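Trainee: Listed below are the residues making up each chain.
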Amino acid sequence: MNDVARTPLVEMRDIRVAFGGVHAVEDVSIDLFAGEVVGLVGGNGAGKSTLMRVLSGAHPADSGEIRIDGRHVSITNPRDAKTHGIETIYQTLALADNIDAPANLFLGRELTDRTGTLDDAAMESATRKVMSRLNPNFRNFKQAVKSLSGGQRQSVAIARAVHFNARILIMDEPTAALGPAETAQVRDLIRQLKAEGIGIFLISHDIHDVFDLSDRISVMYHGKVVGTVIKSEVTTDEVLAMIIMGKAPGEVTERELAALHG
Amino acid sequence: MTEATSVRQRTSDTPPSRSIRTFLASTEIDTRLAGMIGALAVIWIGFHVMSGGLFLTPRNLWNLSVQSSSIAIMATGMVLIIVSRNIDLSVGSLLGFLGYTMAMVQAIWIPTTLGLGFEQPYTWIVALGVGIVLGAAIGGLQGFIVAYGGVPSFIVTLGGFLIWRGLIFRYAQGQTIAPMDATYSLIGGGPLGSLGDTGSWIVGAVAIVVLAWTVISSNRRRRAYGFPVRPTWAMATVIAAGSAAVLGFVWVANNYFWPPALATRYALERGITEPAGGLQIPTGIAYPVLILIGVTLVMTYLATRRRFGRYVYSIGGNPEAAELGGINVRRTIVRVYALMGILVAISAAVQTARLDAAVTNLGVQNELDVIAAAVIGGTSFAGGIGTVTGAVLGAVVMQSLRSGMVLLRFDSPTQDIVVGIVLVAAVGLDALLRRRSTR
Numbered sequence: 001m002n003d004v005a006r007t008p009l010v011e012m013r014d015i016r017v018a019f020g021g022v023h024a025v026e027d028v029s030i031d032l033f034a035g036e037v038v039g040l041v042g043g044n045g046a047g048k049s050t051l052m053r054v055l056s057g058a059h060p061a062d063s064g065e066i067r068i069d070g071r072h073v074s075i076t077n078p079r080d081a082k083t084h085g086i087e088t089i090y091q092t093l094a095l096a097d098n099i100d101a102p103a104n105l106f107l108g109r110e111l112t113d114r115t116g117t118l119d120d121a122a123m124e125s126a127t128r129k130v131m132s133r134l135n136p137n138f139r140n141f142k143q144a145v146k147s148l149s150g151g152q153r154q155s156v157a158i159a160r161a162v163h164f165n166a167r168i169l170i171m172d173e174p175t176a177a178l179g180p181a182e183t184a185q186v187r188d189l190i191r192q193l194k195a196e197g198i199g200i201f202l203i204s205h206d207i208h209d210v211f212d213l214s215d216r217i218s219v220m221y222h223g224k225v226v227g228t229v230i231k232s233e234v235t236t237d238e239v240l241a242m243i244i245m246g247k248a249p250g251e252v253t254e255r256e257l258a259a260l261h262g
Numbered sequence: 001m002t003e004a005t006s007v008r009q010r011t012s013d014t015p016p017s018r019s020i021r022t023f024l025a026s027t028e029i030d031t032r033l034a035g036m037i038g039a040l041a042v043i044w045i046g047f048h049v050m051s052g053g054l055f056l057t058p059r060n061l062w063n064l065s066v067q068s069s070s071i072a073i074m075a076t077g078m079v080l081i082i083v084s085r086n087i088d089l090s091v092g093s094l095l096g097f098l099g100y101t102m103a104m105v106q107a108i109w110i111p112t113t114l115g116l117g118f119e120q121p122y123t124w125i126v127a128l129g130v131g132i133v134l135g136a137a138i139g140g141l142q143g144f145i146v147a148y149g150g151v152p153s154f155i156v157t158l159g160g161f162l163i164w165r166g167l168i169f170r171y172a173q174g175q176t177i178a179p180m181d182a183t184y185s186l187i188g189g190g191p192l193g194s195l196g197d198t199g200s201w202i203v204g205a206v207a208i209v210v211l212a213w214t215v216i217s218s219n220r221r222r223r224a225y226g227f228p229v230r231p232t233w234a235m236a237t238v239i240a241a242g243s244a245a246v247l248g249f250v251w252v253a254n255n256y257f258w259p260p261a262l263a264t265r266y267a268l269e270r271g272i273t274e275p276a277g278g279l280q281i282p283t284g285i286a287y288p289v290l291i292l293i294g295v296t297l298v299m300t301y302l303a304t305r306r307r308f309g310r311y312v313y314s315i316g317g318n319p320e321a322a323e324l325g326g327i328n329v330r331r332t333i334v335r336v337y338a339l340m341g342i343l344v345a346i347s348a349a350v351q352t353a354r355l356d357a358a359v360t361n362l363g364v365q366n367e368l369d370v371i372a373a374a375v376i377g378g379t380s381f382a383g384g385i386g387t388v389t390g391a392v393l394g395a396v397v398m399q400s401l402r403s404g405m406v407l408l409r410f411d412s413p414t415q416d417i418v419v420g421i422v423l424v425a426a427v428g429l430d431a432l433l434r435r436r437s438t439r
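In order, the protein sequence lines correspond to chains A and B.
According to this note's numbering, the first sequence holds residues 1 to 262 in order.
According to this note's numbering, the second sequence holds residues 1 to 439 in order.
Where hints are given, some of them may not hold.
Unchecked claim - List time: in silico SDA-like cross-link candidates among lysine to any residue, alpha-carbon distance up to 20 Å: (1) A:K129 - B:R221; (2) A:K129 - A:G151; (3) A:K82 - A:A121; (4) A:K142 - B:A182; (5) A:K146 - B:S380; (6) A:K142 - B:G166.
Unchecked claim - Restraint-style ranges between C-beta atoms, simulated for each label pair: (7) B:P275 - A:G116: 27 to 33 Å; (8) A:T112 - B:G129: 42 to 48 Å; (9) B:T22 - A:N44: 44 to 50 Å; (10) B:V364 - A:H72: 37 to 43 Å; (11) B:S218 - A:K146: 45 to 51 Å; (12) A:N44 - B:R220: 50 to 56 Å; (13) A:R71 - B:V209: 33 to 39 Å; (14) B:R220 - A:G20: 44 to 50 Å; (15) B:F381 - A:G45: 33 to 39 Å; (16) B:I155 - A:A18: 46 to 52 Å.
To be verified - Quick look at which bits of chain B chain A covers, simulated, 3 or more residues with Cβ under 8 Å: (17) 218-232; (18) 324-337.
These aren't lab readings, by the way, just hints derived from the structure by calculation.
Source: prediction; values computed, not measured.
No residue lacks a Cβ here, since even glycine has one placed at the ideal position from N, Cα and C.
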């Protein structure tokens, strides 16, 4: 999996983001290979979401470099990110509540005919196709997404990320709003996408989710990366210690580990 | 695919259901729109009865259509402004300013300043063009300050409200500019600025063909993809109802005849001997109403069938989602305001042409009527919700109330009180229904 000779799909080098005087992300470097899931964990305000917003173009970095396939790229807005095959499922889902599922799926990338008129039928057809794979029970193609359940809304957000042949997928708490059955569905989907060779950054509060799905885990603490570990080489307690105390596995004592279970 | 076919089988041969709701659902008529048409019918019939049969006459309805057009034209743009979570308080003042400018072009600048003389064949189009370009530029400037300057639209357009009105007085020290170019005046309607009976029937026929074609082709597209489609009887109902409305409207317009004095003069000029009881010349659809119909079609197309409209609605629904979707939110806002400026210019032409003059209080309080029309038409101040046709109907509802109250000899303060109550009540009712439907 971590063949050093291979070029990473994504490399983020020395990324810095400050809000006012506060360093939300400080000199963070992180990478991702094709067909790999990298879990990104950390407490509230650790900088995970901000770091991913840099990659998705939602918030440009103050400094640092992003490489895709080893080539330097400039990502200053969400359109840039999408042209590089980076798709994002935001924690807030980023759906326009007042329009229907096909309109949301194609938001900013609408299909039109030769005259530039929206081709709603084609967009609905494509949406039905994606949904039949992601959520076969989905029926409400003509209703504003406001009236959909949390799970259905989530599947619209996921469909949007999956439909456009993403190479790099950022999932920010993709199961936070879901019930057990839907969560299992999303986990299956992540494994399936990984098998298709897509690189996935997975942000989650749920350490078990992350352990289950990730190949590597990067832990952030107060805007910095404490360390990136290979999942099979660490225990959940060690990762918890990194999250809570900001200490890498070597630095933490047995006593501190025991204290975690207080 | 199996789901789609099963739905089609279920609906296609079902006879019209007893329930109005399922009936509307299968015809895909907007329930809110249907409700407004119902409310309008109640208002019309109510005034007709109370006025002793004066309201539902060709003469009154024809006047109503002309009086509604100027506000309705602007309301189609105000919908998009409000949908995008903004407001435009400057439209009344801007209308005055643009009307004045167009009047100056045709009454002073072309004939005197440039020395080209009055009544040139190009005068009307140059005046109109100047107004539209200036309207787009001013609207775009206001939108630019809102989108890129970060100044709330309420403030920017409140400033515009003061500035454009003030500039009118800089132009002409409060003088009235008159008269307008003869061709330009036709934009305002009146017996001469109307289509006449043959033209009106042709427009009606074209409208019916376009309506039928739109309904059938949209159904055919959906069927090609195997989606559930409207049953044939529902399509037929929609086309029949639409056609009846079109034909009824044309019939009414053609049954309003030229005023006798004008008809007599026309007869004299043409050397026609007037029959006993006078010459009956059908007026037909007035040009401003024709302009309104065109504007409504174009604006509906822009709002629902173009990326531009989709972006406006998504910005109103969730600005952050629009931005993350890669939409250039700021540029879209500038375009919405530029479009509003163009519509204000068109309305300014209608009003100055109708008055045959530009006066300093041109467009005063129009911003309130335009916003009220959009809101009565179901536009939500929360953003993201509203339709162009709803706003046009809202303008017609407002004008119906005013014109009905005039027939009942209500004085102007009473009219304002009633319109104010109706505005608040309409929005309150809408909010109530909306809350119930989401529950």
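Trainee: State for each hint whether it applies.
Mentor: So, going through the hints one by one against the coordinates:
| no. | hint | in the structure |
| --- | --- | --- |
| 1 | A:K129 - B:R221 | holds, 17 Å |
| 2 | A:K129 - A:G151 | holds, 18 Å |
| 3 | A:K82 - A:A121 | violated, 24 Å |
| 4 | A:K142 - B:A182 | violated, 50 Å |
| 5 | A:K146 - B:S380 | holds, 15 Å |
| 6 | A:K142 - B:G166 | violated, 48 Å |
| 7 | B:P275 - A:G116: 27 to 33 Å | violated, 54 Å |
| 8 | A:T112 - B:G129: 42 to 48 Å | violated, 29 Å |
| 9 | B:T22 - A:N44: 44 to 50 Å | holds, 49 Å |
| 10 | B:V364 - A:H72: 37 to 43 Å | violated, 59 Å |
| 11 | B:S218 - A:K146: 45 to 51 Å | violated, 24 Å |
| 12 | A:N44 - B:R220: 50 to 56 Å | holds, 53 Å |
| 13 | A:R71 - B:V209: 33 to 39 Å | violated, 56 Å |
| 14 | B:R220 - A:G20: 44 to 50 Å | violated, 57 Å |
| 15 | B:F381 - A:G45: 33 to 39 Å | holds, 34 Å |
| 16 | B:I155 - A:A18: 46 to 52 Å | violated, 30 Å |
| 17 | 218-232 | holds (count 5) |
| 18 | 324-337 | holds (count 4) |
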